[in-house]
Every structure is written in structure tokens, then in C-alpha cells.
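Undergrad: Spelled out from the first residue to the last, the chains are:
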Amino acid sequence: MDALVAQLQMQFRDYTISLYQQGFLDDQFTELKKLQDEGSPDFVAEVLSLFFEDCVKLIGNMARALDQTGTVDYSQVGASVHQLKGSSSSVGAKRVKGLCVTFKEYCEAKNYEGCVRCLQQVDIEYKTLKTKLQDMFNLEKQIIQAGGIVPQVDIN
Amino acid sequence: TESSQFHVLAVDDSLFDRKMIERLLQKSSCQVTTVDSGSKALEFLGLRESDDINDPNAPSTSPQTHQEVEINLIITDYCMPGMTGYDLLKKVKESAAFKSIPVVIMSSENVPARISRCLEEGAEEFFLKPVKLADLTKLKPHMMKTKLKKESEKLAKEENALLIPVIEEDSSVIEILPLSQELESEQHEPMLSSNKRKAMEEVISTDRSRPKYNDITTSV
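If you read the protein sequences in the order shown, they are chains B and W.
Residue numbering for the first sequence follows the working numbering, starting at 1 and increasing by one per position.
Residue numbering for the second sequence follows the working numbering, starting at 1 and increasing by one per position.
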């Protein structure tokens with residue numbers, strides 16, 4: 001077996017497992033991978049792309065709603081948080097989802113500082129995840145380019 | 001011959017969720033049509049709302065439209081602007097033409113009152129989002145039921161058309177079971193739509209999804 005492919009596959013495996021262990025991803029990401037097959041070979045990438053677009057859009061909405069000089073419409077903020085919570089939950093973005101839960105509570109409590117803090121954190125978190133996933137996809141590409149196949153990673 | 005694939009109509013206002021449910025259903029070997037609202041769903045089915053007669057934006061659907069569309073199941077999000085999934089469920093169940101189509105509700109929120117309201121209104125299942133592949137295996141029996149019933153009704157009509165001249169000519173009593181009855185006795189799932197309430201109770205008591213909506217703690 002090609003030494004390079006084996007090495008890349010091991011790197012990929014270790015990296016993927018670390019993402020789960022560090023709480024970036026959860027079981028739902030595994031579920032997402034099940035939906036990818038020969039008929040839809042780019043499904044995961046497409047869904048993640050949609051998700052990250054959603055992040056930009058929704059975080060923008062939240063920032064605008066919180067930027068009101070005067071009264072903040074917390075239901076508006078909450079509506080965007082709710083949507084982000086839904087999509088992050090669907091892709092298995094565990095940390096982002098967790099932040100949305102806290103964020104939602106601050107919205108309901110109309111806690112301005114709490115909301116602003118959550119907004120900052122969620123912004124950092126989705127960007128971090130995006131970078132991590134990009135690295136994971138790059139490893140996949142390298143494996144394929146080296147003539148190997150991307151291994152199925154058993155999280156348990 | 002009839003297509004052996006089930007055709008599901010999926011309703012969700014979120015593009016993201018539509019993409020997800022579409023893939024999930026395709027992966028479960030279903031043909032999928034997605035729409036982004038309850039009113040578009042009704043339009044697709046060919047149902048025309050009576051108060052839309054004066055609405056210039058109302059779809060002009062011909063009576064033949066709904067006969068060409070064979071939908072085996074409707075799966076809809078609960079929270080949608082305008083017509084909610086619950087409203088859509090009600091409209092479907094109130095329609096003579098479509099009330100036999102099984103309806104499944106999806107929601108990201110675990111609200112027991114919401115769940116029981118939907119089940120009482122006739123929803124077959126209530127799925128918590130994110131919906132998983134394993135959840136969709138629960139749909140097959142519901143879709144199979146209506147497909148079998150439709151097919152047996154169709155066959156019974158054809159059979160009766162053949163039998164009638166025989167009965168008239170022959171005075172001796174011959175017990176000829178219509179095909180539909182034979183099919184019913186062979187079905188191992190005795191949940192026919194005429195016993196819907198009973199069936200629902202059976203579903204509630206044996207349904208494996210029960211742990212989900214009896215779990216009062218918010219699942220996130």
C-alpha cells in the first residue's frame with residue numbers, strides 16, 4: 001500500500017476524530033455523511049456551504065437588530081438565533097448550536113450584554129469551524145489525489 | 001404498470017431544511033417534490049381554497065390536475081409563516097380528495113401540547129428536527145397502506161365490472177369475495193383508515209418514536 005496514502009488517511013482519521021472529541025462536531029454530522037453517495041457526491045460540501053452562508057446572513061441580522069440606538073427588538077434577534085440553531089443542529093455544528101441555546105435565553109431575558117457577548121462568540125465559533133472543516137476537506141482531496149480512498153471514520 | 005416508488009410532498013419555508021429533507025427522502029428511495037409554503041402545497045395538490053375565488057393571485061388549477069398527481073405522503077414543517085404545518089394538516093384532512101394522504105409534521109421544538117394537537121388532527125407521525133434517516137423508515141408502512149388501498153380499490157372496481165354479468169345470469173349462490181377483502185385479510189397491518197382513531201391509539205402505544213415526544217426536557 002502506498003505509504004503516502006496510508007499516512008494521509010491516518011492524518012484524516014485522527015483529525016476527524018479530534019473534531020468530534022473537541023466538541024466541534026456531533027452525531028448529526030455523521031448522519032449528514034450518510035446522505036452522501038455516488039448519486040450526490042458533494043452533498044456534505046453543498047450543505048455546509050449553505051450553512052456558512054446562513055451564518056453570515058443571520059449573524060448580520062442579529063448584529064443589525066442589536067445595533068439599534070434605542071430599543072432593541074429582541075424578538076427579531078431571537079428569530080435569527082432560532083434559525084441558526086436549527087441549521088447548526090442539522091449539520092452537527094455542536095458548539096455553534098450550544099451557543100445559540102444560550103443566546104436564545106439571553107434574547108428571552110432581554111439581556112443586552114449577554115446577547116452582544118453571544119453574538120461575538122457565535123461569530124468566532126462558526127469561522128473556526130469553517131477553517132477546521134476546510135482542513136478536513138483538504139485532507140480528503142489530498143488522499144484522492146494520491147490515488148487513495150477517503151476512509152470511513154468510526155467515531156466510537 | 002404503476003410506479004413502485006413513493007412520491008412525497010415536502011413542505012418547509014427554509015431552503016436549508018428543504019435540501020435536507022429532500023436528500024433524506026431520496027436516500028430512502030422516494031420521489032420528492034419540495035415546496036416552500038402550505039399554500040404552494042395545496043396548489044400542487046390541486047386543492048383550491050374557496051375564499052381564493054376573488055383572489056387574482058390564486059392558482060387557476062383545472063379539476064384534472066389533482067388526479068394526475070399521486071402523492072403518497074405529505075411531510076411538513078410546523079412553524080411556517082402564513083399557513084402553519086398544522087393549518088395545512090387540517091386543510092388536507094378536511095378535503096374529501098386528499099384526507100387519506102398520510103401527513104407527517106416536523107418541528108425543531110419539543111412541545112408536547114403541539115405534538116398531541118397534531119396527532120389528534122390526524123397526523124401520522126411527529127418528527128423532531130433534525131430528522132434522521134432512521135426516522136424515515138417509519139414512513140413506509142403509512143405510504144404502503146394508502147398505496148395498497150388505492151390499488152385494491154382500483155382492482156375491486158375492475159373485478160366487479162367483470163363479475164356483475166355472471167351474478168345476474170347464475171341463480172345459484174356463489175360466494176365471490178371482492179379482491180379488496182382478500183387483500184385486507186392478507187395484510188399483516190390491520191390498520192385501515194376506517195379505524196383511524198383506534199389505529200392512532202395503537203400507534204401511540206407501540207410507536208418507537210414515543211420516547212421523543214414524551215421527553216419533556218427540551219432536546220437540543
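Since the hints were made in silico from the structure, they are not lab data.
Among these hints, one or two may not hold up.
[Said to hold, decoys possible] Heads up, simulated SDA-like pairs for lysine to any residue below, C-alpha to C-alpha not over 20 Å straight-line: (1) B:Lys34 - W:Glu70; (2) W:Lys19 - B:Leu48; (3) W:Lys93 - W:Ser37; (4) W:Lys27 - B:Lys132; (5) B:Lys132 - B:Gln120; (6) B:Lys34 - W:Gln31; (7) W:Lys154 - W:Lys27; (8) W:Lys40 - W:Lys27; (9) W:Lys132 - B:Gln120; (10) B:Lys34 - W:Glu22.
Undergrad: Each hint needs a verdict: does it hold in this structure or not?
TA: Against the structure, the hints:
1. Straight-line distance between C-alpha atoms of B:Lys34 and W:Glu70 comes to about 28 Å, which puts the hinted pair past the 20 Å bound.
2. A hinted pair counts as satisfied when its Cα atoms are at most 20 Å apart, and W:Lys19 with B:Leu48 qualifies at roughly 11 Å.
3. With a C-alpha separation of about 17 Å, the suggested pairing of W:Lys93 with W:Ser37 holds against the 20 Å cut-off.
4. Simply put, W:Lys27 and B:Lys132 have alpha-carbon atoms about 27 Å apart, too far for the 20 Å limit, and the pair is violated.
5. For the suggested pair B:Lys132 and B:Gln120, the alpha carbons sit about 19 Å apart, so the restraint of at most 20 Å is met.
6. Of the supplied pair hints, the one linking B:Lys34 and W:Gln31 holds, its CA atoms being roughly 18 Å apart against a limit of 20 Å.
7. A distance of roughly 30 Å separates the Cα atoms of W:Lys154 and W:Lys27; the hinted pair therefore is violated under the 20 Å criterion.
8. Only pairs whose Cα atoms come within 20 Å are accepted, and W:Lys40 paired with W:Lys27 is rejected, the gap being roughly 24 Å.
9. A threshold of 20 Å between alpha carbons decides the hint, and for W:Lys132 with B:Gln120 the separation of about 31 Å lies outside it, so the pair is violated.
10. Annotation: proposed proximity of B:Lys34 to W:Glu22 holds, straight-line Cα distance about 14 Å (limit 20 Å).
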